[in-house]
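All chains should be modelled from the sequences, with the hints used to inform the complete structure.
Going line by line, the protein sequences match chains E and C.
Using this note's numbering, the first residue of the first sequence is number 1, and each one after it goes up by one.
Using this note's numbering, the first residue of the second sequence is number 1, and each one after it goes up by one.
Rather than coming from a laboratory, the hints here were simulated on the basis of the structure.
Treat the hints with care, since some could be wrong.
[Stated by the list, open to error] Here are the simulated DMTMM-like cross-link-like pairs (lysine to aspartate or glutamate), alpha carbons at most 25 Å apart as the crow flies:
(1) E:Lys171 - E:Asp195
(2) E:Lys14 - C:Glu274
(3) E:Lys82 - C:Glu274
(4) E:Lys82 - C:Asp277
(5) E:Lys14 - C:Asp277
(6) E:Lys204 - E:Asp18
(7) E:Lys82 - E:Glu109
(8) E:Lys204 - C:Asp277
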Amino acid sequence: MIETRDLTKLYGGKAAVDHLTFTVEPGQVTGFLGPNGAGKSTTMRLILGLDRPQSGTALINGRRYRDLRDPLRTVGALLEAKTVHPGRSARNHLLFLAQTQGLPARRVEEVLALVGLQDVADKRAGNFSLGMSQRLGVAVAMLGDPQVLLLDEPVNGLDPEGVLWIRNLMKRLAAEGRTILVSSHLMNEMAVTADHLIVIGRGKLITEASTEDVIARSTDRSVRVRTPDADRLAELITAAGGKVVRGAPAEGAGLLTVTGLESSRIGQLAASASVVLHELTPLASLEGAFMELTAGSVEFGVPGQDPVNAQEGSAR
Amino acid sequence: MTTTSPVTPTREPAAHHAGFTGLMRAEWTKIRSVRSTVWTLIIFVVVCIGLTALIAWLTESHWYGPRAPSRDARAIADPVGFILGTGVGLGQLAICVLGVLVITSEYSTGVIRASLLAVPRRIPVLAAKAVVFAVLLLVVTEIVAFCSFFVGSAILHAHVQVSLSGSGVTRAVIGAGLYLIVLGLLALAIGTMIRHTAGAISVAIGIVFVLPILSGLLPGSWGAHINAYLPEQAGTLITHTAEQSGDLLSPWQGFGVLCIWTVLALAVAAYLLERRDA
Chain E
1 MIETRDLTKL YGGKAAVDHL TFTVEPGQVT GFLGPNGAGK STTMRLILGL
51 DRPQSGTALI NGRRYRDLRD PLRTVGALLE AKTVHPGRSA RNHLLFLAQT
101 QGLPARRVEE VLALVGLQDV ADKRAGNFSL GMSQRLGVAV AMLGDPQVLL
151 LDEPVNGLDP EGVLWIRNLM KRLAAEGRTI LVSSHLMNEM AVTADHLIVI
201 GRGKLITEAS TEDVIARSTD RSVRVRTPDA DRLAELITAA GGKVVRGAPA
251 EGAGLLTVTG LESSRIGQLA ASASVVLHEL TPLASLEGAF MELTAGSVEF
301 GVPGQDPVNA QEGSAR
Chain C
1 MTTTSPVTPT REPAAHHAGF TGLMRAEWTK IRSVRSTVWT LIIFVVVCIG
51 LTALIAWLTE SHWYGPRAPS RDARAIADPV GFILGTGVGL GQLAICVLGV
101 LVITSEYSTG VIRASLLAVP RRIPVLAAKA VVFAVLLLVV TEIVAFCSFF
151 VGSAILHAHV QVSLSGSGVT RAVIGAGLYL IVLGLLALAI GTMIRHTAGA
201 ISVAIGIVFV LPILSGLLPG SWGAHINAYL PEQAGTLITH TAEQSGDLLS
251 PWQGFGVLCI WTVLALAVAA YLLERRDA
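So, in C-alpha cells, the structure goes:
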C-alpha cells in the first residue's frame, strides 16, 4: 500500500506537487493519470525518496522509503529517466543492484528470463532498443520480488507488442496481490489497464475513483457556466431538470458545473430570466477538470469522446 | 515475445540482508564493469612507469650535459623524489580524473538514481565507493610506485645508488602510493560535490596543479605558509627522502594535512549527497 499525505514539492517557488493526498491499494492496478508536467514523475520521486518534499509524507506499507531496509525487496520502480550506464551490460547492472540488496546472483538470471533478455544480457545497455531498455527497467523493478511497484510511463514509446506485454504483466502482478501504481498521460491506455485511477493536474488531485466511475463520468457531458447571479441560475437549472455543482471558492463564486442539460438550453434559461452569463462552455466533466487545471494540454483524450469537442475545451 | 517465466523468485531459505559488504561488492561490480575505469587505470600505469623510465633514461644519457649541474644535483640529493616526481607527477592527473569519474559518471548516466533507490540513506553508497576505490588504488598505485622506483633507480644506477634500505626510501615509495590514494579520494569528494564531470575535473586539477602556482606568487612568509598547507604541496612531501631546508612540515605531517583536506571534503560531499535531490 502507498499513502501520500499533503505531499508538496516546490521547484523555484512553483508547486510541482501541491498538497497531494491519495492511497494506492494492493491487489489492483492503480493508474496515475495526468497530462505531461502534471507532477506524476515528481510524485513518484518523492515517494521513492529521490526528492525531498517541502511538506507532507509518503509511506509505503506504513514506512518512509528511506526507512526500508534493502528497499528493492519491498518496492520496485521503473523510472522514466535513464538509470543505466550505456557502457555496462544488463547483467552487470542487475548484478550490482542485487548485491546491494543481498540477493543471490541467481536472481539476476531469473529476472533476465522473466523479461526475455537472456540472449543480450552481456551486451552494452547503451545499444539496447527502447523496448529492450524498458524490459531491462522491468527486470530491475522485479529484481527484489517487491510487493509494491511504481512504474512511470512504462509503455511510452513501446510498440503494440511491448505495450501488451507490460499491460499483461501488470495485471498478473496485481492479481498476485501486489500494489501497482502506473503513471500515464494517456487516458486510453489507463482505461484498459487500470482498475483504479488517481488523476492529477498541476500537482493537485483532480479525482480518485475506480476507472469505471471515471469513464462513466467523463462520457456524461457537462457544461461550465460563469455568472454573477449564480444562485438564481442554479435554481432555474435545477427546476429544468439539470444538476448543478458549485465551483470552489478559489475559482470564483460564480462558477457552476452543470450536468443533464445542453448548453443551448442553459443559454435559453438564462436569457428568459435576464441572467447575465460570462461563460458557457460545454465539457466532459473529467476533461473539464483537466482543462481547468492544465490549460491547453491536448494530449489528453477520452475513449468514445468526440475529438472535436474535446479540442474545443483546450482551444478555449 | 511473451514469457512464461515465474515472476516470483526461487525462495532463499533465509533472505539475508546485504549490509556494507554487499554495498562494497556492488561498488566493485560497478567499477570493473565499465571500460573507462579500466582504461584510465591502464593509462595511469603505462604513463607513470613509462615516463619515469623515459626521464631517468634522458637524465642518465645526458649526465654532465649543459643543463646537468642543477638537475644532476637534485637527482643525487633526493633520488627517490626525483624518480617518483616524474611519472607519478603526471600520473596524478589520471588519478584525479578517475576519482571524479567514479561518481560523476553515475550522475551523467543516471545510474545514481538506481544506486540511491537501492540505498536510500545514500551516505553508505559514498562510503562503500570510497573504500572500494581506495583499495583498488592501493593495489595499483603501490605497484606503480615500486615499479617506477625500481625502473628509475636501475636506469640511473651508474650515477645514483639508491635502494629501499636507504634512509626514508621505503617510506617515500610507499608514500607515493598513499599520496595518490588520498588524492583519488579527494577527487571523489569533489566529483560528488560538483556532480558534472568536466567541472569536477577542472576543479580537481585546479587544486592540484594550479593552486600551488598561484600561492607561489604570494609574497612573504604567509604565502609560503599557505603554499605549504595546500593538498598537493603538503601531500607530496611524503615522496621525498630528504627534507628541504624551507619545508614547514615533515613528510608525515604533510600527508596528515592532505588527509585532513580529504576528510573535510568527503564530509561536505556526504552532506550534500544526503541533502540534495537526486
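Hints and how they fare:
no.: 1; hint: E:Lys171 - E:Asp195; in the structure: holds (9 Å)
no.: 2; hint: E:Lys14 - C:Glu274; in the structure: holds (23 Å)
no.: 3; hint: E:Lys82 - C:Glu274; in the structure: holds (21 Å)
no.: 4; hint: E:Lys82 - C:Asp277; in the structure: holds (16 Å)
no.: 5; hint: E:Lys14 - C:Asp277; in the structure: holds (16 Å)
no.: 6; hint: E:Lys204 - E:Asp18; in the structure: holds (5 Å)
no.: 7; hint: E:Lys82 - E:Glu109; in the structure: holds (22 Å)
no.: 8; hint: E:Lys204 - C:Asp277; in the structure: holds (21 Å)
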